[in-house]
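Asks: Starting from the known structure of chain A, arrange chains B and C on it as the hints suggest.
Residue numbers (my numbering), protein chains in the order written: chain A, 1 to 295; chain B, 1 to 254; chain C, 1 to 419.
Derived by calculation from the structure, the hints in this document are not laboratory data.
Since the model is a prediction, treat every value here as computed from it, not as a measurement.
There are no misleading hints in this set.
Just so you have them, the derived chain B footprint on chain C, three or more residues with Cβ under 8 angstroms:
| id | stretch |
| --- | --- |
| 1 | 185-195 |
| 2 | 210-217 |
If you anchor each label on the Cβ, the simulated ranges turn out as follows:
| id | chain 1 | residue 1 | chain 2 | residue 2 | range |
| --- | --- | --- | --- | --- | --- |
| 3 | C | Leu108 | B | Ser24 | 45 to 51 angstroms |
| 4 | B | Gln125 | C | Asp408 | 37 to 43 angstroms |
| 5 | B | Gln125 | A | Ile164 | 56 to 62 angstroms |
| 6 | B | Ala138 | C | Gln415 | 20 to 26 angstroms |
| 7 | C | Leu13 | A | Ala238 | 53 to 59 angstroms |
With the Cβ distance kept under 7 angstroms, some of the chain B side facing chain C (calculated, not the full set):
| id | residue |
| --- | --- |
| 8 | Asn77 |
| 9 | Leu105 |
| 10 | Tyr110 |
For every residue, glycine included, the Cβ atom is placed at its ideal position computed from N, Cα and C.
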Amino acid sequence: MEFVLVQTLNGISYGLLLFMLSSGLTLVFSLMGVLNFAHASFYMLGAYFAYQVSVKIGFWPALVIAPLLVAAIGMLVERWGLRTVHKYGHVAELLFTFGLAYLIEEAVHLIWGRLAVEYRVPPELDGPLFHIMGSQYPIYRGFMMLVSVTMLVSIWLALTRTRIGLVIQAALTHPQTVEALGHNVPRVFMLVFGGGAALAGLAGVIGGNAFVTEPGMAAAVGPIIFVIVVVGGMGSLAGAFIASLLIGCVQTFAVSLDWAIGGISIAQAAPVLPYLLMVLLLIFRPKGLMGTREG
Amino acid sequence: MNAALELRDVHKSFGTTKIINGVSLAIPAGERHAIIGPNGAGKSTLYNLISGRYPLSAGQILLNGEDITGLKPYEINRKGLSRSFQVTNIFHRLSVYENIRCAVLWSLGYRYSFWHRVGGLRDAQRRSVDVMERIGLARRRDTLAGELTYAEQRALEIGITIAGGASVILLDEPTAGMSRTETANAVELIRQVTEGRTLVMVEHDMGVVFNLADRISVLVYGEVIATGTPAAIRSNAAVQEAYLGTLHKEVASA
Amino acid sequence: MRYQPLNLGRWVLWSATALVLLAAPQIFSASFVLTLMTQMGTMIIFALSYNMLLGQGGMLSFGHAVYSGLGAYLSVHALNLVGHGAFPLPLPLLPLVGGLAGLAFGILFGYVTTRRAGTTFALISLGVGEMVFACSLMLPGFFGGEAGISTNRVVGQPFLGISFGPAIQVYYLVAFWCFVCMAAMFALTQTPLGRMANAVRDNPERAEFVGYNTQHVRFLQLALSAFFAGVSGALSCINFEIVSAENVSAIRSGGVLVATFIGGVPFFFGPIVGAVVYIFFVVALSGFTKAWLLYLGLFFLLMVLYAPGGIASIILMQIPVIRARRFGELLLPYALAAAAALVALAGLIGMVEMVYRLSEQGANTVLTVFGLSFDARATPPWIAFAAVLVAGLAALRHAARFVSARWDAIQQSLQSRAA
Numbered sequence: 001m002e003f004v005l006v007q008t009l010n011g012i013s014y015g016l017l018l019f020m021l022s023s024g025l026t027l028v029f030s031l032m033g034v035l036n037f038a039h040a041s042f043y044m045l046g047a048y049f050a051y052q053v054s055v056k057i058g059f060w061p062a063l064v065i066a067p068l069l070v071a072a073i074g075m076l077v078e079r080w081g082l083r084t085v086h087k088y089g090h091v092a093e094l095l096f097t098f099g100l101a102y103l104i105e106e107a108v109h110l111i112w113g114r115l116a117v118e119y120r121v122p123p124e125l126d127g128p129l130f131h132i133m134g135s136q137y138p139i140y141r142g143f144m145m146l147v148s149v150t151m152l153v154s155i156w157l158a159l160t161r162t163r164i165g166l167v168i169q170a171a172l173t174h175p176q177t178v179e180a181l182g183h184n185v186p187r188v189f190m191l192v193f194g195g196g197a198a199l200a201g202l203a204g205v206i207g208g209n210a211f212v213t214e215p216g217m218a219a220a221v222g223p224i225i226f227v228i229v230v231v232g233g234m235g236s237l238a239g240a241f242i243a244s245l246l247i248g249c250v251q252t253f254a255v256s257l258d259w260a261i262g263g264i265s266i267a268q269a270a271p272v273l274p275y276l277l278m279v280l281l282l283i284f285r286p287k288g289l290m291g292t293r294e295g
Numbered sequence: 001m002n003a004a005l006e007l008r009d010v011h012k013s014f015g016t017t018k019i020i021n022g023v024s025l026a027i028p029a030g031e032r033h034a035i036i037g038p039n040g041a042g043k044s045t046l047y048n049l050i051s052g053r054y055p056l057s058a059g060q061i062l063l064n065g066e067d068i069t070g071l072k073p074y075e076i077n078r079k080g081l082s083r084s085f086q087v088t089n090i091f092h093r094l095s096v097y098e099n100i101r102c103a104v105l106w107s108l109g110y111r112y113s114f115w116h117r118v119g120g121l122r123d124a125q126r127r128s129v130d131v132m133e134r135i136g137l138a139r140r141r142d143t144l145a146g147e148l149t150y151a152e153q154r155a156l157e158i159g160i161t162i163a164g165g166a167s168v169i170l171l172d173e174p175t176a177g178m179s180r181t182e183t184a185n186a187v188e189l190i191r192q193v194t195e196g197r198t199l200v201m202v203e204h205d206m207g208v209v210f211n212l213a214d215r216i217s218v219l220v221y222g223e224v225i226a227t228g229t230p231a232a233i234r235s236n237a238a239v240q241e242a243y244l245g246t247l248h249k250e251v252a253s254a
Numbered sequence: 001m002r003y004q005p006l007n008l009g010r011w012v013l014w015s016a017t018a019l020v021l022l023a024a025p026q027i028f029s030a031s032f033v034l035t036l037m038t039q040m041g042t043m044i045i046f047a048l049s050y051n052m053l054l055g056q057g058g059m060l061s062f063g064h065a066v067y068s069g070l071g072a073y074l075s076v077h078a079l080n081l082v083g084h085g086a087f088p089l090p091l092p093l094l095p096l097v098g099g100l101a102g103l104a105f106g107i108l109f110g111y112v113t114t115r116r117a118g119t120t121f122a123l124i125s126l127g128v129g130e131m132v133f134a135c136s137l138m139l140p141g142f143f144g145g146e147a148g149i150s151t152n153r154v155v156g157q158p159f160l161g162i163s164f165g166p167a168i169q170v171y172y173l174v175a176f177w178c179f180v181c182m183a184a185m186f187a188l189t190q191t192p193l194g195r196m197a198n199a200v201r202d203n204p205e206r207a208e209f210v211g212y213n214t215q216h217v218r219f220l221q222l223a224l225s226a227f228f229a230g231v232s233g234a235l236s237c238i239n240f241e242i243v244s245a246e247n248v249s250a251i252r253s254g255g256v257l258v259a260t261f262i263g264g265v266p267f268f269f270g271p272i273v274g275a276v277v278y279i280f281f282v283v284a285l286s287g288f289t290k291a292w293l294l295y296l297g298l299f300f301l302l303m304v305l306y307a308p309g310g311i312a313s314i315i316l317m318q319i320p321v322i323r324a325r326r327f328g329e330l331l332l333p334y335a336l337a338a339a340a341a342l343v344a345l346a347g348l349i350g351m352v353e354m355v356y357r358l359s360e361q362g363a364n365t366v367l368t369v370f371g372l373s374f375d376a377r378a379t380p381p382w383i384a385f386a387a388v389l390v391a392g393l394a395a396l397r398h399a400a401r402f403v404s405a406r407w408d409a410i411q412q413s414l415q416s417r418a419a
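Next up, chain A with everything else stripped away, as it sits in the complex (with noise of 0.2 angstroms):
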């Protein structure tokens, strides 16, 4: 019974950080068309830069100031790169970034090695939050579950309450009309994708401390992003939010058990889950549980 309600957090606040992810995605496509394959590769620049900040400050800066600093990345991105290929179509968009993936992961060898650095939980935040009937559950599970809570909701705030975000939603089916009033267009993509690329490096700042901090990070949870972003329907935020909370539970549960069927455990399974998921969504379901918008 307490397995199931500590497994069943761990998913939840993995969903959480799943639903950050791809959330941070599905807006940029909606957005924009364009469907950021290196939208994970933010997701690891947010925690190496946390990383090297914590390492040389603290982590309460590297909150504030790493996802800032990938904001920054892809707003570069956005003016130098997308900008230039847009005219070549949503295929030549995702390959663009697709190629950005590749060169952000070898520029991380680069820099930081090949191993896993340390990049450690901090200690005001390491311990237990409280106890269930003998388990504990960890502080730092619930901080990851505030901050996601805490940001979404800002987001959901600011898109729906503030000026910009009325530019935005609007900029999202008429973004000709948008700027026939006036408004910064292309500024507003440009932030926009800036934000998404916060929204990511804001999950690596508070997931790659809680999970392993390594090259390999963007390559292991993108597919999952993007399989959350199938499942749930290309472009509507409620069908991730139900996707990364599914997906999020679904691992969690099955790392964790031990039953075998057919000589192969669950939790040998565990990384299949996921897609078999889709698999199985497309035969029956082939719009993904609430989706809005084709590629």
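Replies: Frame of chain A; chains B and C shown alone:
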């Protein structure tokens, strides 16, 4: 006798917005039928419903007596209905010849064959060359479709639509954006290629409409307010009111 | 782009290709060049099969290695059966096993993946690729776990006296299949399915309205493409005598994507060029520097930004100019641009190599680049290389403008002549 194309109480809503509000129409085989109406009346939506691009909210559509409601576009096309598009919709990286050939392949029965050499298919060749000559693009045979002039693309658009030998042809504003001479040529082309077939045409140019159509339907706010011969429509009070003088001016110059 | 010269021209082209394939080992006889060419031959088939999806069908796939890899796995098991005397298959026919395996999986996975198009299809192909890769680590019986499955290609009866042990014999086997597959894939582009694949790529909606189920077209195109991918997988198995999880990995899938793209997606021969360049990068360059993947990634990005039609497009763009006998006017601008690019490249290489050396824990920080030795921890080399890079980039900007101006002038006069 079955009508070539029949719409029975067709309704279409997008969310809560009702676009088509109970349209019923029966077009006999071989007739040239024009659909006119003010902008926003729902003409393009009607076409999209007939050709299977959008699903119906209610009602039925019959092609040669057969119910085609809810069928996919390619299924409807295989049953003998073909449509053109208001915004030119061609294969821009293929040549003119290849565009037309793609339009004939299914009707000649070649389907998904990957064992026929397409260059050696005499019947496809003959049909494509024939269509190209009829639409006047034989000299531009090897030009990439994306590089044609606007009027040439519109002609190609018509060519692709009729190449498959469909018995019911839907043309969506075929002369949109054309000059007077180009329009006159297009009208002649349409008249020739739809000989013996059923033609349904959405048009704004009243000259074209009165030149070509056997019967006209007037679509206003998703409803057909009148159907009849050109003369009857011209003198119909409701139509005059809906167009408020536009009809008079256009007819005077037609 | 049309690739239809006179039919005579086509015969000449194909004969010349065959001749090149036959004569190459005689001209480049060093053994490492031979292995390089064998790998290129395999990659050519793989890249051409990939372009059946991307260039012909407009389908971007991030998981194509699934079909070549599974073809390789089935081939290696078949080959081991031959070795145990249980399956009397002559080695030259092994690629058919790989091809049929690829086809089978193409039908199986293709049915699911082609239900969506565009970006969604791309992501699904990634997901299926990851799924197969994850399975490959889970089922050691079939996939051999981390170490993979190894085999011996010199088994069974020699085929017409050829044992396929020596590298030169493997090369000719690969060259044979490469030629056959090239011809077959080209022939496929000239079939109703091939033409409709192009139509679906250009305008899927219109293709529906001329009577074609676009999903079915894409499904068939994928299945056929998977067949050829399986053939290349089998040849890889014969060449390396080992198949492991890496054969179905995202890295392999990414590799064929990069190779096809840098060669040129819109043209039939583009992937052939791309495969050659890619293998050169991966195999030859990786011997010189640890940063080869970085350079490849940078090259790929630059191609996406500035030459999305690939190397093939750059070559083909010159042809009208050459025909008009005005190519001479471009030689100077091109030379200047190349020189500037080389300078910038030198600066970049210097800095990248230094960073790599510094990031390696405990490595000697003294390195030799372009014949000069220096310590990566000292500041002067950094300043020097940075200066070279900046100077090179600045010069490149000017040179690029020069090329652009000259090019526009020539294009204008060519067009006014044609008008």
